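Undergrad: Chains as they are written, first to last, in the numbering used here: chain G, 14 to 126; chain P, 46 to 160.
Please note: incorrect hints may appear among the correct ones.
Stated by the list, open to error - Distance condition first, Cα-Cα at most 20 Å in a straight line; then the derived SDA-like pairs of lysine to any residue: (1) P:K71 x G:I59; (2) G:K91 x G:S43; (3) G:K68 x P:E148; (4) G:K83 x G:M102; (5) P:K71 x G:G112; (6) P:K71 x G:R63; (7) P:K71 x G:S55; (8) P:K71 x G:Q57; (9) P:K71 x G:L60; (10) P:K71 x G:R56.
As the list claims (entries may be wrong) - What follows is a list of derived Cβ distance ranges for each label pair: (11) G:E42 x P:T160: 38 to 46 Å; (12) P:T59 x G:K68: 48 to 56 Å; (13) P:S110 x G:S41: 24 to 32 Å; (14) G:E42 x P:A125: 30 to 38 Å.
Simulated from the structure, these hints should not be mistaken for laboratory data. Source: prediction; values computed, not measured. We treat Cβ as the ideally placed atom computed from N, Cα and C, and that holds for glycine.
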Amino acid sequence: AQTVTQSQPEMSVQEAETVTLSCTYDTSESDYYLFWYKQPPSRQMILVIRQEAYKQQNATENRFSVNFQKAAKSFSLKISDSQLGDAAMYFCAYRSLRGDMRFGAGTRLTVKP
Amino acid sequence: DAGVTQSPTHLIKTRGQQVTLRCSPKSGHDTVSWYQQALGQGPQFIFQYYEEEERQRGNFPDRFSGHQFPNYSSELNVNALLLGDSALYLCASSRGPGDSSYEQYFGPGTRLTVT
Chain G
14 AQTVTQSQPE MSVQEAETVT LSCTYDTSES DYYLFWYKQP PSRQMILVIR QEAYKQQNAT
74 ENRFSVNFQK AAKSFSLKIS DSQLGDAAMY FCAYRSLRGD MRFGAGTRLT VKP
Chain P
46 DAGVTQSPTH LIKTRGQQVT LRCSPKSGHD TVSWYQQALG QGPQFIFQYY EEEERQRGNF
106 PDRFSGHQFP NYSSELNVNA LLLGDSALYL CASSRGPGDS SYEQYFGPGT RLTVT
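Looking at chain G on its own, in the form it has when it is part of the complex (with noise of 0.2 Å):
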């Protein structure tokens, strides 16, 4: 079964900085696709990026970025020029060409002003 991995469970950041969350998962599966979600307290869940696994290039969000290394299933998101709206739950995410889809155990950050 697959399973993905957030090694940091709480993150900060200087407002107007530049902060990077980590993520690795596991599978066997040659193609998927992975996600960020972002969580504020209101908690609805909102999709920050999205990268296709047969896609080399890094997926790119205005101020949100992803490090997709798939030899080494790792799948990193950096945010440039964080803003105080920033601050929530971000989990990453694998979801299969079945569809089932599996979180991480999810980053809280803070963005201080």
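Based on these hints, arrange chain P on the given structure of chain G.
TA: Chain P in isolation, oriented as in the chain G frame:
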């Protein structure tokens, strides 16, 4: 365009009772997945419904069952509630297996408390 909606928002039940949670998918979506998120943890996949059938299932006992209706809405039923079933239950919708994006949109969740 309404996103994923869930009802009720909060629910309190007694151990041993049964509960039904409801989910309406985002417009244009035909696949619904259910997740259990215990406090301080990541969501755990329960099961996924497509074409009114359970397509995938996570490691949850048979006390957890579901249903999908012709309009793609879905219900999650939990029988013989245990204290450990207390959690946030999230519903997510997506387009069917033929959709290459596989992007799921989540609802706000139902907070279930079992006493």
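Undergrad: Does each hint fit the structure? Answer for all of them.
TA: These are the hints, each one checked on the structure:
For the suggested pair K71 of chain P and I59 of chain G, the alpha carbons sit about 14 Å apart, so the restraint of at most 20 Å is met. For the given pair, K91 of chain G sits about 24 Å from S43 of chain G by alpha-carbon distance, which is inconsistent with the 20 Å threshold. Our distance criterion of 20 Å between C-alpha atoms is met by K68 of chain G and E148 of chain P, whose separation comes to about 16 Å. About 24 Å separates the Cα atoms of K83 of chain G and M102 of chain G, which puts this hinted pair outside 20 Å; it is violated.
Only pairs whose Cα atoms come within 20 Å are accepted, and K71 of chain P paired with G112 of chain G is accepted, the gap being roughly 17 Å. Distance hint between K71 of chain P and R63 of chain G is fulfilled; the C-alpha atoms sit about 19 Å from each other, no more than 20 Å. With a C-alpha separation of about 19 Å, the suggested pair K71 of chain P and S55 of chain G falls inside the 20 Å cut-off, and the hint holds. Taken as a hint, the K71 of chain P and Q57 of chain G pair is honoured in the structure, with Cα atoms around 14 Å apart against an allowance of 20 Å.
Between the alpha carbons of K71 of chain P and L60 of chain G the distance comes to roughly 15 Å, so the proposed pair stays at or under 20 Å and holds. In summary, the hint linking K71 of chain P to R56 of chain G is supported, as the alpha carbons are separated by about 18 Å, within the 20 Å threshold. Between E42 of chain G and T160 of chain P the Cβ separation comes to about 41 Å, which falls inside the hinted range of 38 to 46 Å. Checked against the given bound of 48 to 56 Å, the beta carbons of T59 of chain P and K68 of chain G, roughly 49 Å apart, stay inside it.
As the Cβ distance of S110 of chain P to S41 of chain G is approximately 30 Å, the hint placing it in 24 to 32 Å holds. Take E42 of chain G and A125 of chain P: their Cβ atoms lie about 35 Å apart, and the range 30 to 38 Å holds.
Consistency with the previously given hints fails for numbers 2 and 4, ordered from lowest to highest.
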